[in-house]
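Colleague: If you want the building blocks of each chain, they are given just below.
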Amino acid sequence: SQTIHQWPATLVQPVGSPLSLECTVEGTSNPNLYWYRQAAGRGLQLLFYSVGIGQISSEVPQNLSASRPQDRQFILSSKKLLLSDSGFYLCAWRELRFLGLGEKLFFGSGTQLSVL
Amino acid sequence: QQPVQSPQAVILREGEDAVINCSSSKALYSVHWYRQKHGEAPVFLMILLKGGEQKGHDKISASFNEKKQQSSLYLTASQLSYSGTYFCGTEDAGGTSYGKLTFGQGTILTVHP
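Residue numbers (the working numbering), protein chains in the order written: chain A, 1 to 116; chain B, 117 to 229.
Note that these hints are calculated values from the structure, not bench results.
Hints may contain errors.
[Stated by the list, open to error] Some chain A residues judged to face chain B by a derived CB distance under 10 Å, without partners named: (1) Y36; (2) G41; (3) Q45; (4) L46; (5) L83; (6) K104; (7) F107.
Just so it is clear, CB atoms sit at the ideal spot from N, CA and C, and this is done for glycine as well.
Can you build the whole structure from these sequences, using the hints too?
Modeller: Okay, structure coming up:
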């Protein structure tokens, strides 16, 4: 069965420090991968998505970047964190059928990031 | 552009019913519903595909009117475990969305004993 691993669960970082969040998927191949962010009490905002190794699309301009070095690995990074980067970060994956439309979105357990 | 959910918040007593609506300005292929408990990842409830179908399991069901680009989630005989924030996620029609889901702002549902 497919599983998604995301770590760490919580992270407290000072302003200006770097960030690296990792997500890996097991039990599937060539999944579409997504990074969402949720500010406190707010909805889910799509940050990045990837349809394959090395292919990254950004949905919103920001202080963050994403990479996909392997088929089932998705990394969210920042060189210098801002206070506004605080939030709950969720990695997700999805299998796609024809026409790029597909099944449900599977979420990782999330990382609560606090930038102080 | 994100779909619009209404109401923003609902307070119920156990056993009461609720309806949460989701409306989009775009043509949709599917609508997804998720429930999220505080500090946890969203949990999948159901997908509704283009075709106007209605789905459900147990006492939670949903409908999708593709012509109006609207979906509604129906919770009947609510239980304490139904408390949480409900999100609809929409997938654009046309096959170029790359599987992206755009989520509404959420509806906070609170069920009291």
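Colleague: Hint by hint, work out which the structure violates, then give me just those numbers in ascending order.
Modeller: 5
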